[in-house]
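Engineer: Protein chains in written order, with our numbering: chain A, 1 to 397; chain B, 1 to 397.
Don't take every hint at face value.
If several chains are the same, the list does not tell them apart, and a pair holds so long as it fits within one copy or across any two.
Simulated crosslink set (BS3-like; lysine-lysine; CA at most 25 Å straight-line) [to be verified]:
hint, residue 1, residue 2
1, 163, 6
2, 163, 18
3, 59, 32
4, 75, 59
5, 27, 163
6, 6, 143
7, 303, 221
8, 388, 6
9, 213, 143
10, 295, 6
11, 28, 388
12, 158, 32
13, 250, 143
14, 381, 213
15, 28, 295
16, 74, 28
No lab work stands behind these hints, which were simulated from the structure alone. No experiment lies behind these values; they were computed from the predicted model shown.
Protein chains: 2
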Amino acid sequence: MLSISKRGHEMPASPIRKLVPYAEAAKKRGTKVYHLNIGQPDIETPESCLDAVRNANLKVLAYSHSAGNESYRKKLVQYYAKNNIEVTENEIIVTTGGSEAILFGFMACLDVGDEVIVPEPFYANYNGFAIMADVSVVPIASKIETGFALPPIEDFEKAITPKTKAIVVCNPNNPTGYLYSAAEMETLKEIMIRHNLFLFADEAYREFCYEGKHTSAMHLKGAEQHVVLMDTISKRYSACGGRIGAFVTKNTEVLDAAMKFAQARLSPPYYAQLLGEAAVDLPDNYFDDTKAEYKLRRDTIVKRLNAIPGVFCPNPGGAFYAMASLPIDDCDRFCQWLLESFSHEGATVMLAPATGFYSTAGSGTNEVRLAYVLNVDAINKAMDCLEKALEVYPGRI
Amino acid sequence: MLSISKRGHEMPASPIRKLVPYAEAAKKRGTKVYHLNIGQPDIETPESCLDAVRNANLKVLAYSHSAGNESYRKKLVQYYAKNNIEVTENEIIVTTGGSEAILFGFMACLDVGDEVIVPEPFYANYNGFAIMADVSVVPIASKIETGFALPPIEDFEKAITPKTKAIVVCNPNNPTGYLYSAAEMETLKEIMIRHNLFLFADEAYREFCYEGKHTSAMHLKGAEQHVVLMDTISKRYSACGGRIGAFVTKNTEVLDAAMKFAQARLSPPYYAQLLGEAAVDLPDNYFDDTKAEYKLRRDTIVKRLNAIPGVFCPNPGGAFYAMASLPIDDCDRFCQWLLESFSHEGATVMLAPATGFYSTAGSGTNEVRLAYVLNVDAINKAMDCLEKALEVYPGRI
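Based on the sequences and whatever the hints tell you, model everything.
Structural biologist: Structural data, given as structure tokens:
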């Protein structure tokens, strides 16, 4: 028998996408589905960025430099400087989305059997890249009661083994929306220096902070050799389809290794580099409107959620996600039921079951993630649905 | 000490790019460099394809489907049908270049420690993807004397071990330009069925065949479950920078596994999918001019090479590469010397040392690869340089 690989078997299917057939069936029945399940922003991509692609004047769509166009990397230097991150164009590799930056980090720093610690719940695709790299994700629990704050330092200490090579931190966090404080980032610095670990910093949502300031892992003085920034323009400029990210580090050995992986895949996509380059020239107040809009949505969804009996939603400080605990037996069953067996005024709501974000079995079974990527009116209607649904759901507890 | 991964260390630097600093220095000295070293075509990207991107009417640059836009996959079905390859849109995953199709194939079918057999010389980046997947490339020699024909079946039999899981074939071949015959493809089919192996078929240069017809691995009757096609639009439409390829197989288990890897990286680049979709509507005679141009270049370069004393270049049947043996001590030293210490009428030529395409130490030391991606006039001037260079090169043997 011809058989696929073990990692092909073990690779998890996308937890967010497995409900899609139920959503499609609901729509075929004529039910309106409010999609709070995925992180696809509805914010328009800036016109000047789209224009940069429209006006591209080229005869041959050639490979770009494996590290990305030099002109774009020079622009990125300006972007990072505005965020108090001092890097040169030679410390940046333009990647195919943040996804490839994660893959390069795992490949350049970790070997088969190594362990990487991740506060749980976490972005489900870290699991996928870990399986590609044949390394183990070791989760340590953050709790909804604390709003998913950084787990105590003892929990890290307990999880560290001789095989531990890195910690992954997503800040602001997907799926929890939690914004790590400067003090928490200092704690991470302490741990990684004491135990000689890499810190993989996923800062895809850097611009979307509603309470307090963002502390980048690149701001941590004395940890420069430990930090690998995994960045993306996807959420920042609502340019998810462009597939442009960045791998940034001051560790030249890591950079050189990542560069070899970058050369093997030849180059990142050309067109969206033009888009990203134009984006750096957006006015400094560009994010003000977008942030105000997301904050309004966050305030709306958090208020509505906490007003429903038995529901608890901590106030997320950043990104555009909220996690809520519900008075239900099982979030996977509930989310499927919402699509299969429920409607309110011809509509229902699609949520992401939190179990997909936990690797510890049995965790998060009464939690869901809500992406507030719809306008306030749609969010209110979606919350009407959720409120009614929880009144009649047979598995309510 | 914080240390990078073993695979980060082992990952080979691009053999083609390591001479770049010498070429840059030559240009700074005012020397014209004829680039026959890389597979970046000079053919213009079709205007209708560039227009498809220019005229994209979108407000939000959203993720596409993880398998690629359905409309594009449906177009690809038409494209493959024209090439007598019968597939459905659900048997195609649009990838980020052919590179990602190779990575998905390795990840979906091979585990750590598995072996994959590749006729040597071969596309150097297979090594890189093998290191990412932690599998071993087992080379079997093809010879310049036979024009790099498929090695005899006994050589495959000898190389097969219990760990062998797949064979990689690039047809027409990069770096040799060899076009495998229908009979050779049948031999491969026999081997893979007898030993229960996958066949990874890299057909990036399908359109560029000058002698005889192309036999796709997808044409092999009875081998449908074994074949994984790794395709790309890069060379076909001179669209290398778009980063659009395809992973195609009739093996649903492999397809499902690859799909999970595709979901983990969310989606392929959006813009160049529009370009690829428009390309399928190019007139059927679109390739005639391009092929005629490449054939003329091939005829020119092969004739010029074989007219130089001590040089042998078999006539390549496809792609846009030729391999030649030269009367030299060491191709790496020679190619560097061409850039560092030689010029003829203010010009020199940049070639790819063949050693980068061999994984068997000591093989190919007197061979170079020439990509005929320049017009006939430039090729003639480059050959003038090479002819003169071989007269004065101190390491001539």
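Engineer: Of all the hints numbered above, which does this structure not satisfy? Sort the numbers upward.
Structural biologist: Structure breaks hints 2, 5, 6, 7, 8, 10, 12, 13, 14 and 15.
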